[in-house]
Amino acid sequence: MKHRLRLPLTLLVTFAFVLTACGDDDEGIGGGGGDTTDPKVEEAKFEEGTTMADLAEAGAIKIGTKFDQPGLGSVSLESEEPEGFDVEIGKIVAAKLGIAAEDVEFIETVSANRESFIENGTVDIVIATYTINDERKELIDFAGPYYVAGQDLLVASDDDSINGPDDLAGKKVCAASGSTPIENIRENYPDAEPVEFDTYTECVDQLEAGQIDAVSTDDIILAGYASDPKYEGKFRVVGETFSEEPYGIGLAKGDDDFRTFLNDTLEESFEDESWKEAFDNTLGASGVEAPDPPEVDRY
Amino acid sequence: MDFVWEQRDVILRGFGTTVLLAVSSGLLAFIFGTLLAVMRVGPVPPLRWAGSAYVTVVRNTPLTLVFVFCTFGLPRMEVRLAFVTFAIIALTVYTSAFVCEAVRSGINSVEAGEIEAARAVGLPFHQILSLVVLPQAFRAVIPPLGSVYNALVKNTSVAVAFSVAEASSIFRRLANDDASATWSLLLTTAVGYMALAAVVFAGARILERGTAIVR
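Line order of the protein sequences matches chains C and W.
Okay, so the first sequence: first residue is 1 according to this note's numbering, each after it adds one.
Okay, so the second sequence: first residue is 1 according to this note's numbering, each after it adds one.
Calculated from the structure, these hints are not laboratory results.
Glycine included, every Cβ here is placed at the ideal spot set by N, Cα and C.
Some clues are possibly wrong.
[Said to hold, decoys possible] In silico lysine to any residue, SDA-like type, Cα no more than 20 Å apart, as pairs: (1) 234/C / 72/W; (2) 230/C / 72/W; (3) 172/C / 180/W; (4) 137/C / 76/W; (5) 172/C / 73/W; (6) 253/C / 180/W; (7) 230/C / 73/W; (8) 171/C / 75/W; (9) 234/C / 80/W; (10) 172/C / 84/W; (11) 137/C / 182/W; (12) 172/C / 17/W; (13) 172/C / 76/W; (14) 253/C / 177/W; (15) 137/C / 80/W; (16) 171/C / 193/C; (17) 253/C / 73/W; (18) 171/C / 78/W; (19) 172/C / 82/W; (20) 172/C / 80/W; (21) 171/C / 84/W; (22) 137/C / 179/W; (23) 171/C / 72/W; (24) 234/C / 177/W; (25) 172/C / 238/C.
[Unchecked claim] To be clear about the criterion: a stretch of chain C counts as covered by chain W if any three or more of its residues have a C-beta under 8 Å from a C-beta of chain W, and this derived list gives those stretches: (26) 111-119; (27) 202-214.
All chains, please: the whole structure from these sequences, using the hints.
Spelled out as structure tokens, the structure:
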């Protein structure tokens with residue numbers, strides 16, 4: 001028995017080694033460097049019974065973010081932890097709660113499961129290129145915005161037939177299932193053929209393979225892909241935004257104290273430049289200038 | 001439930017796509033699966049090996065991987081088709097292996113004496129197959145094939161992740177549209193799948209009755 005097992009076992013182990021060794025050597029934007037903002041953790045005191053007090057006492061927070069958006073929230077092969085602007089905002093919030101960056105648990109949320117993850121308590125807050133809109137406000141609450149993006153198009157660099165959303169008739173346009181961009185395309189550009197995948201990485205993969213004509217989402221996300229060394233020179237961002245996407249922090253509905261706290265935290269980060277620093281270290285790496293921070297909307 | 005009623009057209013169109021996936025890949029899989037089964041019991045060794053290799057590889061690969069290969073792999077080889085077509089290919093490739101094994105079990109249920117008798121009267125291989133073996137095999141194979149097709153109906157839902165607007169993808173989109181209707185949508189979609197499965201089941205029963213022989 002021992003002898004008979006030796007060969008298959010050897011094969012299995014070899015196979016496992018081959019598998020782990022053959023990943024792409026891709027270095028995402030902002031990846032590879034220890035270039036994080038590392039906000040100063042403060043000793044925090046909160047009123048008993050508030051969400052802030054609970055989180056501060058637990059000394060840990062679960063934040064939902066995207067794992068596949070270069071520059072905003074993405075996991076590179078070298079590290080287990082996501083990196084990007086959303087992640088940095090999460091760390092700023094955590095620091096205000098007295099939680100160190102390493103005690104923040106980032107959980108992957110895709111566009112379609114963000115509300116349910118907040119509602120069922122899988123995460124405490126969601127910072128995941130999360131557009132503030134009224135439909136979502138019926139289920140959850142938003143703090144922010146902390147950034148205002150606009151929907152744009154990513155096309156192959158040699159494709160000059162698409163120069164704006166009005167050129168989309170008969171074109172295959174990909175966006176993530178359940179995201180704002182796919183609904184926008186479906187409603188306002190009915191002549192375009194919508195293509196849906198769970199993640200933008202899959203959309204970009206299909207664009208690279210020539211199976212679709214355009215990927216559509218927020219300009220800042222597309223800029224991340226266009227400047228990703230993995231796709232160097234293959235894509236261009238059209239540069240005609242056709243929507244306004246204020247990114248907010250999603251939290252449980254009705255937790256007004258917590259929402260006020262998050263809004264205060266964001267405003268402080270706008271003022272003390274930690275917001276700008278977070279931007280420059282992540283999205284700024286793709287050559288984008290940090291804009292002026294937006295106005296927080298305390299509805 | 002109001003929302004479900006409002007969106008009935010969209011939901012029905014989703015199930016239409018599900019039926020399209022199931023019927024077209026079901027028919028194709030029946031043809032390829034039977035061919036594979038014939039290869040596996042036939043007298044030509046290389047065909048036999050090819051048949052077994054196909055069944056072993058495909059049957060032991062998760063359907064999602066077959067889908068990934070079709071939807072993401074084929075375009076890389078300059079094969080550019082509609083996403084629905086990729087889904088039909090994936091489902092056909094996958095289901096063929098199971099149809100093959102069901103049909104092969106049916107072939108094995110035909111008594112050796114019948115085949116010997118057919119050989120003794122001088123029938124060539126293709127006639128032994130088409131006149132003696134397959135007609136009896138298909139009769140024996142209806143219940144297991146029913147299970148294979150029942151699984152196929154539900155397997156079509158894997159296409160949700162590969163840009164095909166079938167029933168579960170519609171469910172997801174609508175539930176995302178109006179999260180308060182999630183439960184009624186889920187219920188409607190589940191009932192839809194059960195109805196489709198019931199059609200497969202009823203079809204199998206009718207075929208089974210129609211072809212039964214009173215011994």
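Going down the list of hints, with the structure as the test:
no., hint, in the structure
1, 234/C / 72/W, "holds, 18 Å"
2, 230/C / 72/W, "holds, 17 Å"
3, 172/C / 180/W, "violated, 31 Å"
4, 137/C / 76/W, "violated, 41 Å"
5, 172/C / 73/W, "holds, 18 Å"
6, 253/C / 180/W, "holds, 14 Å"
7, 230/C / 73/W, "holds, 18 Å"
8, 171/C / 75/W, "holds, 17 Å"
9, 234/C / 80/W, "holds, 19 Å"
10, 172/C / 84/W, "holds, 14 Å"
11, 137/C / 182/W, "holds, 17 Å"
12, 172/C / 17/W, "holds, 19 Å"
13, 172/C / 76/W, "holds, 17 Å"
14, 253/C / 177/W, "holds, 18 Å"
15, 137/C / 80/W, "violated, 40 Å"
16, 171/C / 193/C, "holds, 6 Å"
17, 253/C / 73/W, "violated, 43 Å"
18, 171/C / 78/W, "holds, 18 Å"
19, 172/C / 82/W, "holds, 10 Å"
20, 172/C / 80/W, "holds, 13 Å"
21, 171/C / 84/W, "holds, 16 Å"
22, 137/C / 179/W, "holds, 12 Å"
23, 171/C / 72/W, "holds, 19 Å"
24, 234/C / 177/W, "violated, 34 Å"
25, 172/C / 238/C, "holds, 15 Å"
26, 111-119, "holds (count 3)"
27, 202-214, "holds (count 6)"
This entry does not satisfy hints 3, 4, 15, 17 and 24, going by the numbered hints stated previously.
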